[in-house]
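Participant: Just so you know, the protein sequences line up as chains F and W, in that order.
Residue 1 is where the first sequence starts when you use my numbering, and the numbers rise one by one after that.
Residue 1 is where the second sequence starts when you use my numbering, and the numbers rise one by one after that.
These aren't lab readings, by the way, just hints derived from the structure by calculation.
Computed from a predicted structure; not experimentally measured.
Mixed in with the good hints, there may be bad ones.
In silico SDA-like pairs for lysine to any residue, Cα to Cα no more than 20 Å straight-line [as the list claims (entries may be wrong)]: (1) W:K136 to F:A139; (2) W:K71 to F:W39; (3) W:K201 to F:W58; (4) W:K71 to F:T417.
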Amino acid sequence: MHVGAAHNKTRWLTGEGTWHVGGLLIACAVALPIVAVAWLAIFPSENIWPHLFETVLWGYIDNTVRLMAGVAIGSVVIGVGTAWLVSTTEFPGRRIFQWALMLPLAAPTYIVAYVYTDLLEFAGPVQSALRGMFGWQSARDYWFPEIRSVGGAITMMTLTLYPYVYLLSRAAFLEQAGVTREVSRTLGAGPWRTFFRVALPLARPAVVVGMTLALMETLNDFGTVDFFAVRTLTAGVFNVWLTMGNVGGGAQIALVMLGFVVLLILLERLERRRRRYHALATRHRRASRQRLGPRTRWVATLACLLPVALGFVVPGAVLLRNAVVFAEESWSSRFPDFAINSLVLAAGSAVLCVVLATFLAYAVRLRGGALLSGTARIASLGYAVPGAVLALGILNPFGAFDNAFDGWMRDTLGVSTGLLLSGTVAAVMFAYVVRFFALSYGALESGLGRIKPSMEMAARTLGEGPRGTLFRVHLPLMKGTLVTAALLIFVDVMKELPATLLLRPFNFDTLATYVYQFGSSEQLELSSLGALSIVAVGLVPVVLLNQTVARDPSEVM
Amino acid sequence: MLGGRIGRGIAGLVLLGLSVVGSAAHAGDEVNVYSYREPFLIQPMFDAFTRETGIKVNVVFANKGLVERLKAEGRNSPADLIFTVDIGRLTDAVDGGVTQAVRNETLERVIPASMRHPAGHWFGVTQRARVIYASKDRVPLEEARALSYQDLADPKWRGRICTRAGDHAYNVALFAAMIAKHGEAQAKSWLAGLRDNLARKPQGNDRAQVKAIMEGQCDLALGNHYYYALMLQNEEQSAWAASANIVFPDQDGDGTHMNISGFAMTGAAPNRENAIKLMEFLVGELAQKMYAEQNNEYPLRAGVEPSGLLQSFGDFKRADQSLADVAAKRPAAIRLVNEVHYNAGPSS
Chain F
1 MHVGAAHNKT
11 RWLTGEGTWH
21 VGGLLIACAV
31 ALPIVAVAWL
41 AIFPSENIWP
51 HLFETVLWGY
61 IDNTVRLMAG
71 VAIGSVVIGV
81 GTAWLVSTTE
91 FPGRRIFQWA
101 LMLPLAAPTY
111 IVAYVYTDLL
121 EFAGPVQSAL
131 RGMFGWQSAR
141 DYWFPEIRSV
151 GGAITMMTLT
161 LYPYVYLLSR
171 AAFLEQAGVT
181 REVSRTLGAG
191 PWRTFFRVAL
201 PLARPAVVVG
211 MTLALMETLN
221 DFGTVDFFAV
231 RTLTAGVFNV
241 WLTMGNVGGG
251 AQIALVMLGF
261 VVLLILLERL
271 ERRRRRYHAL
281 ATRHRRASRQ
291 RLGPRTRWVA
301 TLACLLPVAL
311 GFVVPGAVLL
321 RNAVVFAEES
331 WSSRFPDFAI
341 NSLVLAAGSA
351 VLCVVLATFL
361 AYAVRLRGGA
371 LLSGTARIAS
381 LGYAVPGAVL
391 ALGILNPFGA
401 FDNAFDGWMR
411 DTLGVSTGLL
421 LSGTVAAVMF
431 AYVVRFFALS
441 YGALESGLGR
451 IKPSMEMAAR
461 TLGEGPRGTL
471 FRVHLPLMKG
481 TLVTAALLIF
491 VDVMKELPAT
501 LLLRPFNFDT
511 LATYVYQFGS
521 SEQLELSSLG
531 ALSIVAVGLV
541 PVVLLNQTVA
551 RDPSEVM
Chain W
1 MLGGRIGRGI
11 AGLVLLGLSV
21 VGSAAHAGDE
31 VNVYSYREPF
41 LIQPMFDAFT
51 RETGIKVNVV
61 FANKGLVERL
71 KAEGRNSPAD
81 LIFTVDIGRL
91 TDAVDGGVTQ
101 AVRNETLERV
111 IPASMRHPAG
121 HWFGVTQRAR
131 VIYASKDRVP
141 LEEARALSYQ
151 DLADPKWRGR
161 ICTRAGDHAY
171 NVALFAAMIA
181 KHGEAQAKSW
191 LAGLRDNLAR
201 KPQGNDRAQV
211 KAIMEGQCDL
221 ALGNHYYYAL
231 MLQNEEQSAW
241 AASANIVFPD
251 QDGDGTHMNI
261 SGFAMTGAAP
271 NRENAIKLME
281 FLVGELAQKM
291 YAEQNNEYPL
301 RAGVEPSGLL
311 QSFGDFKRAD
321 QSLADVAAKR
331 PAAIRLVNEV
341 HYNAGPSS
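Produce the entire structure from the sequences given, and follow the hints as far as they go.
Facilitator: Structure (structure tokens):
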């Protein structure tokens with residue numbers, strides 16, 4: 001398909017070859033840190049496996065599997081369930097819930113975990129009130145669920161991660177031609193049957209993407225499992241790296257975790273094989289929402305209220321209270337600087353990430369090839385690697401480059417260039433791109449997938465080159481997808497901690513790192529103001545997200 | 001045209017990145033610190049240093065990976081000093097080859113030999129004691145004061161002890177000290193005994209253990225001494241501290257296990273002179289007093305009194321074990337923690 005390339009030769013990005021090479025470069029750059037982690041894994045200071053195998057490995061795996069299964073089930077049930085309710089039925093509060101259900105996205109999981117531990121542990125207000133009510137004296141007099149447990153971790157992560165599934169499923173349900181569901185009903189299927197036999201299978205790719213994102217976040221999270229003393233493979237990575245001083249061994253465990261993710265993705269693809277999920281029509285009218293019965297409608301309201309209340313309102317209220325009470329101690333005159341740093345980094349990386357992902361996804365679509373799409377897959381794995389480990393994967397190649405370049409400059413020109421990339425804001429931003437590339441690439445890939453090939457064939461036949469087709473056909477069609485991807489990355493960068501900590505320049509703080517110095521010593525009171533500002537800044541994108549989805553559902557992811 | 005705009009956007013970002021490069025640390029009167037300690041704990045001393053000398057202290061704080069960062073940055077690293085608590089991390093830095101030996105008359109005079117590296121690869125600045133917190137209500141003070149670390153494995157404490165995770169640096173150092181003193185086999189059965197005595201799965205930080213005493217979940221807890229001061233200063237937590245006595249173990253034996261906060265000079269150290277000035281300043285009278293008063297750590301400099309609160313705990317015998325020897329047993333300690341499934345708690 002080299003139509004149009006001939007008379008456009010002098011212009012930028014007109015040939016498919018340029019796209020292919022450019023895409024390959026991007027994929028390699030983003031995959032570099034993951035390859036660097038694999039490189040570390042080749043040189044452990046000692047073989048950890050016999051020791052782990054005999055001692056704690058099975059515990060790690062057991063906890064990891066239970067955690068992942070729990071989060072998968074929890075986030076799919078809540079995410080898909082609420083998405084189905086708000087997009088196909090009518091009940092009190094529906095218009096509010098359709099955006100409010102995304103709010104928990106704004107809160108970092110470990111902060112939510114701190115809040116709930118304070119509330120639910122023995123000395124917290126909940127148990128104290130219960131003791132007061134029933135006259136119990138000590139912890140031995142009654143049973144109360146232990147928050148610092150696998151179950152607690154599952155609950156915390158489900159509460160903050162279900163919005164990924166919600167967001168994607170809702171877009172998918174809205175996008176389904178209402179006709180499809182109406183036909184199903186006309187043929188005599190009840191609402192449940194319609195949901196399970198028609199709507200859910202059609203939404204499956206979206207649900208799976210959302211669940212995969214939630215699970216990758218689950219795997220890279222160390223703050224929460226560490227705080228809850230739940231020994232997962234993630235905790236194992238740090239145990240081996242930090243306490244045993246064996247970076248290579250830690251990297252090996254991180255790779256095993258990546259293996260989990262890859263296996264999951266492959267299994268799903270294998271099962272889905274040969275089924276295609278193109279939209280049936282480009283424009284279709286929305287199905288009318290079903291009115292629920294007088295009792296059922298309140299059940300629906302409650303079902304949507306719970307996740308919002310538990311995932312956002314409760315932690316938000318606790319943070320707000322602390323922020324007000326401890327306003328004086330926690331305020332720092334440098335606060336505005338931290339906020340600006342956070343905002344600039346988040347906005348910059350969101351734009352960069354989306355631009356690079358668009359380029360790569362389009363290059364794959366143009367010509368594909370096993371090499372390019374394979375590298376692109378590896379590039380998307382950064383999301384499942386714990387941030388501090390990923391940071392190592394950046395430190396090492398950047399340091400190697402800086403020192404090699406410096407050495408070469410010293411030898412040839414007698415000038416020392418020092419460290420050009422290491423310890424710069426650019427390195428931090430690169431980390432964000434690598435870490436969150438999966439969000440933008442996944443979105444763009446599925447966004448492009450929904451554009452029927454006939455559209456671009458038409459454009460190409462009419463004389464547009466690859467670049468023109470992208471800018472005049474695909475991008476306008478995918479505006480919603482692009483905005484969604486950028487906003488998700490924005491929110492995630494605002495919350496990002498471990499890579500920022502390790503890669504940043506001197507005297508450089510973001511809201512997240514500032515919050516952390518108090519959070520790390522479990523001084524929730526002092527970290528509340530900062531945490532709240534992260535949540536507040538995260539709210540803006542969430543509201544924007546909603547408008548994007550509502551305006552034209554077929555454009556989102 | 002959208003392409004052009006995006007292109008310019010990228011160019012702008014690259015420029016932004018490059019402009020921050022270079023600005024890092026080239027001016028003359030500076031010293032650059034990589035710190036594992038939370039900034040708010042050391043900033044006051046750095047500010048005092050800047051006031052006295054005019055030398056600016058630049059800091060990167062991270063909770064993990066700074067040694068790896070130094071390794072990656074190699075000879076061009078801008079960092080001069082690495083600050084940390086716990087002997088383990090200092091040892092990791094030395095083992096990682098990112099430190100250099102410093103021979104300095106002041107440092108060697110002020111800091112006792114057991115609290116610094118024999119060749120000057122690291123130095124302790126302050127000491128922290130790993131103490132036992134004992135319930136005021138349920139453990140008579142006399143009995144508590146007679147406790148040794150060994151006693152924590154005594155079956156009479158079954159279900160009555162709380163600690164944080166076994167692989168936390170503070171516990172690893174204590175366990176390593178036990179191995180250095182009693183040998184690995186004996187230390188292992190001691191650790192298994194301690195695990196059996198745990199009231200619950202190890203969790204939370206040192207303060208959370210004292211809180212658990214107040215809540216009645218346990219009667220004894222391991223913790224660092226300065227948390228007592230921190231809890232007293234906190235409106236909500238002072239009740240936790242009030243529920244427990246702080247006792248210094250092993251007073252009839254070798255003395256209480258002491259760990260350090262300390263620093264090391266990096267291999268690259270571009271501002272070596274300034275770094276030495278900062279090191280000397282921090283073991284000087286003024287800084288040691290600040291450490292004592294603000295952080296309630298035990299100053300290493302002879303003649304500088306601990307804070308009033310620490311003095312109220314009374315004098316106690318400190319173990320004089322060489323921390324370098326303790327550090328050498330850390331790998332064995334972490335292996336034992338896994339072998340006895342310490343973190344799984346009492347039920348296993």
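Participant: In ascending order, which of the hints set out earlier in this document are inconsistent with the structure?
Facilitator: none
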